[in-house]
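> Chains as they are written, first to last, in full-length UniProt numbering: chain A, 1 to 341; chain B, 1 to 259.
Keep in mind that the hints were calculated from the coordinates and are not lab data.
Ideal Cβ placement from N, Cα and C applies to all residues, glycine included.
Any given hint might turn out to be false.
In silico DSBU-like pairs for lysine-lysine, Cα to Cα no more than 30 Å straight-line [to be verified]:
(1) B:K214 / A:K338
(2) B:K52 / B:K237
(3) A:K234 / B:K152
(4) B:K237 / A:K338
(5) B:K206 / B:K109
(6) B:K152 / A:K236
(7) A:K310 / B:K237
(8) B:K252 / A:K310
(9) B:K110 / B:K237
(10) B:K242 / A:K338
(11) B:K254 / A:K310
(12) A:K338 / B:K257
(13) B:K257 / A:K340
(14) B:K204 / B:K33
(15) B:K204 / B:K4
(16) B:K110 / A:K105
(17) A:K214 / A:K105
(18) B:K227 / B:K110
(19) A:K60 / B:K178
(20) B:K152 / A:K30
(21) B:K257 / A:K310
(22) B:K210 / A:K340
(23) B:K242 / B:K227
(24) A:K47 / B:K204
(25) A:K234 / A:K340
(26) B:K73 / B:K109
(27) A:K30 / A:K60
(28) B:K227 / B:K178
A few chain A residues that face chain B, going by a derived Cβ cut-off under 10 Å, partial list only [said to hold, decoys possible]:
(29) G74
(30) L103
(31) P124
(32) A128
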Amino acid sequence: MLRSAARRFSAFGGRGLTQASTLAFVETSKEGVIAPASLNVLYAAGKLGNQIDAVLLGSKAQEAAASLQKLDVGSLNKILVVSEQSLDDLLPEHITPVVYDLLQKGDYSHFVVPASSVGKGFLPRVGALLDLQPICDVTQILDPNTFVRPMYAGNILATVESQQSQKLISVRSSAFPAVGAGSNSAAIETVAASTSVNGAEIPPVQWEGANLVKSERPELGSAARIVSGGRGLKNKETFEALVTPLADTLGAAIGATRAAVDAGFCDNSLQIGQTGKIVAPELYIALGVSGAIQHLAGIKDANTVVAINKDPEAPIFQVADYGLVGDLNELVPELTEKLKQ
Amino acid sequence: MSSKLRVLVPVKRVVDHAIRPRVNKQLTNVETKNLKFSINPFDDIAVEESVKLRESHPDLVESIHAVSVGPVKAQDVLRTALAKGCDSSTLVEHESTELEPLVISKVLKKLVQEKSVNLVVLGKQAIDDDSNNTGQMLAGLLNWPQATNACKVELLDGGASVRVTKEVDGGEEIIVAKLPMIITTDLRLNTPRYATLPNLMKAKKKPLEKLKLKKDFEGISLDPQLKLLKVEEPPVKSAGIKVSSVDELVSKLKEAKLV
Numbered sequence: 001m002l003r004s005a006a007r008r009f010s011a012f013g014g015r016g017l018t019q020a021s022t023l024a025f026v027e028t029s030k031e032g033v034i035a036p037a038s039l040n041v042l043y044a045a046g047k048l049g050n051q052i053d054a055v056l057l058g059s060k061a062q063e064a065a066a067s068l069q070k071l072d073v074g075s076l077n078k079i080l081v082v083s084e085q086s087l088d089d090l091l092p093e094h095i096t097p098v099v100y101d102l103l104q105k106g107d108y109s110h111f112v113v114p115a116s117s118v119g120k121g122f123l124p125r126v127g128a129l130l131d132l133q134p135i136c137d138v139t140q141i142l143d144p145n146t147f148v149r150p151m152y153a154g155n156i157l158a159t160v161e162s163q164q165s166q167k168l169i170s171v172r173s174s175a176f177p178a179v180g181a182g183s184n185s186a187a188i189e190t191v192a193a194s195t196s197v198n199g200a201e202i203p204p205v206q207w208e209g210a211n212l213v214k215s216e217r218p219e220l221g222s223a224a225r226i227v228s229g230g231r232g233l234k235n236k237e238t239f240e241a242l243v244t245p246l247a248d249t250l251g252a253a254i255g256a257t258r259a260a261v262d263a264g265f266c267d268n269s270l271q272i273g274q275t276g277k278i279v280a281p282e283l284y285i286a287l288g289v290s291g292a293i294q295h296l297a298g299i300k301d302a303n304t305v306v307a308i309n310k311d312p313e314a315p316i317f318q319v320a321d322y323g324l325v326g327d328l329n330e331l332v333p334e335l336t337e338k339l340k341q
Numbered sequence: 001m002s003s004k005l006r007v008l009v010p011v012k013r014v015v016d017h018a019i020r021p022r023v024n025k026q027l028t029n030v031e032t033k034n035l036k037f038s039i040n041p042f043d044d045i046a047v048e049e050s051v052k053l054r055e056s057h058p059d060l061v062e063s064i065h066a067v068s069v070g071p072v073k074a075q076d077v078l079r080t081a082l083a084k085g086c087d088s089s090t091l092v093e094h095e096s097t098e099l100e101p102l103v104i105s106k107v108l109k110k111l112v113q114e115k116s117v118n119l120v121v122l123g124k125q126a127i128d129d130d131s132n133n134t135g136q137m138l139a140g141l142l143n144w145p146q147a148t149n150a151c152k153v154e155l156l157d158g159g160a161s162v163r164v165t166k167e168v169d170g171g172e173e174i175i176v177a178k179l180p181m182i183i184t185t186d187l188r189l190n191t192p193r194y195a196t197l198p199n200l201m202k203a204k205k206k207p208l209e210k211l212k213l214k215k216d217f218e219g220i221s222l223d224p225q226l227k228l229l230k231v232e233e234p235p236v237k238s239a240g241i242k243v244s245s246v247d248e249l250v251s252k253l254k255e256a257k258l259v
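Whenever a hint applies, use it, and build me the whole structure from the sequences.
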């Protein structure tokens, strides 16, 4: 059997794959803080049943590696640290040679990344270079070769099987629990940053700046409670006057529909839906949200949906566990007040 | 090579965004017969951005070429792109099953090289397979810079480089890259124009080159790497209840221990 496996893998450019092993990309901020979505990725990586190596990038990767050691990831074998300042901006052009280098040796049967802006940015780029089609936005891992991923704005769930020599997987973090605090005995290993792929240098690109929304609120992707507003809130003032106090009362994250974002009621990083964030809170309260399929795609996995809307025919009521028909301007302040009690 | 922009805009024909697709009886694929098809909304934004770049920098944009890979019917979306302002187009014909982004990116790479394109503007994802892959893959194959999820595009240095504001998880990020490069469009980049009837008539006279995927792109494997085992519709949520007052809502939420 060993021999047949060796023959099978030799067909893939002689990559010497000896045993199944997973490489997990752990996304960190510039300050070296592990992104919450990476905790879900580590859980998903564990579901593959292999031992896991984690890779961390950036000048603060060493610090991040130390905090990774304080997580409950039993199957974590090694933490690979690539402490290179050029990786701080997490530009896909810079990440790609590093990841390509780690994968092309063939030691890993699986590579797992979060389906975040960063993960979505570089994984296909690496895939093309390895001649592998990534499996994107995975919501279920059935076995190490079989995955479920949503299509058509979440209206279709596709079960796909991959017999590729290496599986490149981006996981939807809201579909998996996060690993908790604890400890593991993974050793930290420093890896040099590769800056070329088959002799091709990093193409000319520069990070110029970012406008990130500062918020004390829970992160949308992992929030247990979310209050979101739609076009029905009419303007920015009403949005702030109604959504913010209710969210504060509940300790909830704030979300929005595309219509609300387009109309300038709030920042576009709050958009929930097919092309925005996909969320899975315990409680989702939709204010003045009609319920277009693109928005519903983002809240399919919400546990309990509450909708307040003046239009009794709004499609949101078809997915709402509790619906209340009426004027937002009266009902929402009343709700906020009564929840405070 | 002159510094002028030669833009390639890949467009995909997809089930119209307003239609809720259904799976077939055998649960092997999505039922697409007799459904309305349209240009993928993000690709529509890519066409618009290319045309807008030329309108604001008439001297810098030399050509805008639209391309689609798919069935003969995909020429409809190319005609739409031509009516909106693209100069010429290519249909890479292929019937049968859906092609993976990896295949499409290899086809696009060949077209980019043949037509000495230096800017590719494409949608961030197709609303059917929701992969969000093709732009990044093409950038990888060409080793060009990529700017994904663009919500603002500015030409700098007479078009030699481009500043792109990208939508990222926590807000926006700004990058500057030198041509040649790849840009993928996000929803807020622009509002696509409508193709007017006179322009649709004129578009019929614009060039539409037809190639065959199997014959003209030999050497690109069309075999899917991912095997679609099953498709299903997600479980339908049981219908909820309507409450009549805030008090009732609050008591229900408390009962369910949600607040």
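> Any of the earlier hints contradicted here, and which numbers?
1, 2, 9, 17, 22, 23, 24, 28, 29 and 30
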